[in-house]
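**Q** Sequences listed follow chains A and B, in order. Position one of the first sequence corresponds to residue 1 (the working numbering), numbered consecutively onward. Position one of the second sequence corresponds to residue 324 (the working numbering), numbered consecutively onward.
Hints in this document: simulated from the structure, not taken from any laboratory. A couple of the hints might just be wrong.
Said to hold, decoys possible - For lysine-lysine, the following BS3-like pairs were computed, each having C-alpha atoms within a straight-line distance of at most 30 Å: (1) B/423 <-> B/502; (2) B/423 <-> A/112; (3) B/502 <-> A/315; (4) B/502 <-> A/112.
For reference, the chains in residue letters:
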Amino acid sequence: MRRLNSLRHDVGWALVALLFLSVLPLLIQSRVTLDFVIRLAAFGIFASSLNILVGYGGMVSFGHAMFFGSGAYVFGLLMQKTPVSIPVAILGAIAFSGVLGLLIGAICVRLKEIYFSFLTLAFQMLIHSVILTWTSLTGGDQGLMGGIPRPPFLGINLSDHTTLYWFSCVLGVLCLLLMRIILQSPFGATLRMVRDSAERAAFLGIDVWRIKLYAFVLASCMASVGGVVMALFVSGAFPDFGYWTMSGDAIFMIMMGGLHVFIGPVVGAGLLLLFNDIITRTTEYHGLALGLVVLLFALGFKRGITDFSLELLQKINQKGGKV
Amino acid sequence: MNPQALFECFSSASCIVTQMGTGLIVGSLLFLVAAGLTLIFGVLGVVNFAHGTFYMLGAYLALTAYRLTGNFAMAVLASGIGVGLFGLLFERFLMRRVYKADVLMQLLVCYAVVLIMDDVVKIVWGAEFLSMGMPETFQAPPFFIAGGVVPVFYVYLIAAAMSIALALWGILTFSRTGKIIRAAAQNPTMTSALGINTSFIYAAVFAFGGVLAGLAGGLAAPVRSMSPGMGFSILIESFIVTVIGGMGSVSGALVGALLIGLIRSFGTIGFPLFVEGLMFLAMVLILILRPNGLLGKDSRT
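Chain A extracted, bound-state conformation (with noise of 0.2 Å):
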């Protein structure tokens, strides 16, 4: 009863989400208003997949990023080499990066702590260097040019900025709420007990290195909806998706956001490129100034900004109960 009571609760949420979007372009007619949701979207889905592995699995990983791009580029490159549709070229880079997941993922999650961390990023310079070399598939460093074809499927046409809009939006808010509905489930509650004491779980059964992985592979296979959305939005696929400053990013989300409410790393994603795009404008040392916001959180705040409202709150509640 309670998960069912749960399950409408975060529907309910997802419902007031969309509606929020759905009204917003009517409030504010600016394309940037639309690019910037797009681009939340993409990167809300993006950090709140990488926060599977580290606030729900207490996996740090630096490498990501490599199945954002490898989203990226499987989908642009079926876009550009095989007749298929959009949702086909879709469900095939979430199903490469599913298996991609899984192959990098079954070795890396044997690894503790911060040797999980080099692995990953390990494994993601190599990919990187893969589509850094392998020029005639992906372009090299120049990245997929020509532009990713976006032929109309059922009466949905991408090409139009607006539609993508609305397309964008749905992606972001469904993948989260997908997200969300996993992380509930029993796997969800197993994969933080696995965090707090793997010892523990392996104690009462519990195949410690199937559920880190089957969390691995999830958290690809989301990243790589991210990795879509991004190449859909710029229509292209560039080197920099596989990068690490793409995991750094990430990671740096999920921080500002916080860890441990779910939304959290898309509040965060929403800050950072908010940060980034006012500081681009304002001054030429971009470093300089977000350096010293990063400063700011992290020995200010000490913690993501929804942990710190979250502590806010819980702590007024206490006052207000003992009065």
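Following the hints, complete the assembly by docking chain B onto the known chain A.
**A** Below, chain B alone, put in the same frame as chain A:
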């Protein structure tokens, strides 16, 4: 991709000597940077993601000191001392606050410092590539060994790096400070219970790591061009080195650094575009076969 060129190189002595020289200097520099990184990890359990920035600062400080004094030895000394001080300040004011925090917080603090220092270097020294040029002392005809070319400076550089490695080994093995550092690495609580100021040791290790990275930057200045952001590639390479050698093991860092140096120099001939890929491949293979690195301690004990 040109594996054939690699085979041809292996069949000629001159090519092997030339590439060995290049591989050894890359390895020596990497060792100095990675030794500090691995020492900091071994003692503090902290991964210093800002270590590449230390190296960058070393190179730039050496450039300025060399322009002021015209003496290369002074320049290297200045970069060692300067970066050592920077490491000390970095530890006292920033890193010390996040020792107990999540590894992600430590990553963020370092990331912030990397971003800030890259821009500070841009403001002080400019964004364009700079180079020191070869100091006059080393402008002598290169050595020819079995037909291979080895510049004079390479020999000095390798000798300098190896003497630093030897001194490091001596300090860690025989001196009282070295014993305290090893004790703090093994069991920090016990060490502080014995009345040893571990907070002081932590700062000292960070400063020492800074000195080593600064020396590496200074030594590299004549043979490397400088640009803001140059710290990143050396950081990634020294990560590979420490992971291959085993995190926390200084002798592992030496083995790893020489291995990566040779992979780099010979890889450039056979697979010019895939050198980075080769290094990561080596790291992946070693982590799969020996999860704690070649000379790393088993993390379970």
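**Q** The structure should be examined with respect to each hint, and the outcome stated for every one.
**A** Status of the hints after comparison with the structure:
no., hint, verdict
1, B/423 <-> B/502, "holds (24 Å)"
2, B/423 <-> A/112, "holds (19 Å)"
3, B/502 <-> A/315, "violated (47 Å)"
4, B/502 <-> A/112, "holds (28 Å)"
Hint 3 alone, counting from the list given before, is not met by this structure.
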